[in-house]
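Participant: The primary structure of each chain is shown beneath.
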Amino acid sequence: MTDQGLLIQTLVELADNLVDDFDVVELLSLLADRCVELLGVSAAGVMLVAPEGEVRVVASSSEAMRVVELFELQADEGPCPDCCRSGEAVINEDLATAGGRWPRFAPMAMQAGFRSVQALPMRLRGSIVGALNLFSAEPGALTVADVAAGGALASVATIAVLQQRVAAESRLLNDQLTHALNNRVVIEQAKGVLAERTGLSMEAAFEALRHYARDHNLRLSDVARSVIDKSLPPGALA
Amino acid sequence: MACHRLLRILARIEDGGPGPARLCEVSADLMAMTGAGIMLMSGEVPRGSVCSSNEVSALIEDLQYTLGEGPCVDAYRQDRPILEADLAARGAARWAAFTPEALAAGARAVFGFPLHVGAVRLGALNLYRDRPGPLDDDQHADALVLAGVAARAVLAMQAGAPPGRLGTELEGGADLRFVVHQASGMVSAQLDVSVGEALIRLRAHAFADHRPLDEVAQDVVGGRLRFA
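Listed in order, the protein sequences are those of chains A and B.
In terms of our numbering, the first sequence has 215 at position 215, counting the first letter as 1, and numbering is strictly consecutive.
In terms of our numbering, the second sequence has 52 at position 52, counting the first letter as 1, and numbering is strictly consecutive.
Because the hints were derived from the structure by calculation, they are not lab data.
Just so we're clear, the structure is a prediction, and the values are computed from it rather than from any experiment.
Among these hints, one or two may not hold up.
Stretches of chain A that chain B covers, calculated by requiring three or more beta carbons in the stretch to come under 8 angstroms of a beta carbon on chain B [as the list claims (entries may be wrong)]:
| hint | segment |
| --- | --- |
| 1 | 46-53 |
| 2 | 162-172 |
| 3 | 188-200 |
The C-beta atom is built at its ideal place from N, Cα and C for all residues, glycine as well.
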């Protein structure tokens, strides 16, 4: 039976970690460790589905778990790939009788010491973000309450992953914006240098920079930099 | 903040269609401010203005761009709201060069709110009023939401731009002070100094003459002002 106090404490702890610059792998590793304590399973792990569709193991509470999860991905067979594909939970599947469903995964996982497996989907509306995987050494390890608690933990993990993706996208866009702005500044500066040294108008200076870049198969911003650092004499352009 | 107010903000911005100018108009209007502006910053310095709702807002942004100090600059650098309820009060001396010029332009209270999405910092939302007085709690809360909306709107303007290029709306709708950089290039050639140093000379000239940097730059580009 799940300890309600510990569950709430864990949810608060996970939420506290959702600050501006949190590390999603660290957070999911914390989640995996807490699942083992809270739900009484032998091992826990998190797999994420990348926006392009590729599935990766992101966190595992033990090395045995990691090896089994990696095997699942290689064999493309097991509760985690099933859950990531369908978005449906796999609950208390007994490996001793699962040979039909997973002919390669079931014997491999049993050899690694596991007996029952579950995978809870990390899902927001239509999209499947990943799966929270809980493996036990005994059959039928999870109660209904455990499954509900695991679902709550999976929800927090889902929010963490989505928030991290928004942050990463924002960072990328901001980097692109700064880069584009810097390029523009360099080009405007070079127009000024060229206009002053040759007497060309700003528009004519820009045309000269553009022609030179095109004729020499160079980037406009690189040509501009060469004009500013004087490695390209104005006479070469005008 | 009341949920309906947030929805009103979002609805107003979408109603206006795309375009940076709309963001500032809506901000000033909803906040019951005299004017609003959005300043783009990176590498700790102002890079330009995404929009400003009126001439005084534009001037307040100009001043900060020229002088490198003011509520937006502080809001960005310290990543927190900067509230100056009365520029004429003694405490406002924190911006020695900015304050007298902003007062002369007609601003009495100025507020800067950082633009960020998570840990990504983009610039600041600038609000001013022609009479002194603090923001009330609702206005403060609204400004935080507006700054968040503005930050995402600016990033959305850059989304989909070809590599190394500015988004179309920023290229066309924002004032990114291209003339200042053209003038820096010219002055660097006139004095045979680096473009960085040329920009410092231009700023110093604008400061000494109490003129916006843009105006000085226009004179340089137009051949009316030479540094050598």
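Participant: Confirm or reject each hint.
Facilitator: Taking the hints in turn, this is what the structure says about them:
no., hint, in the structure
1, 46-53, "violated (count 0)"
2, 162-172, "holds (count 5)"
3, 188-200, "holds (count 10)"
The earlier numbered hint that this structure contradicts is number 1, and it is the only one.
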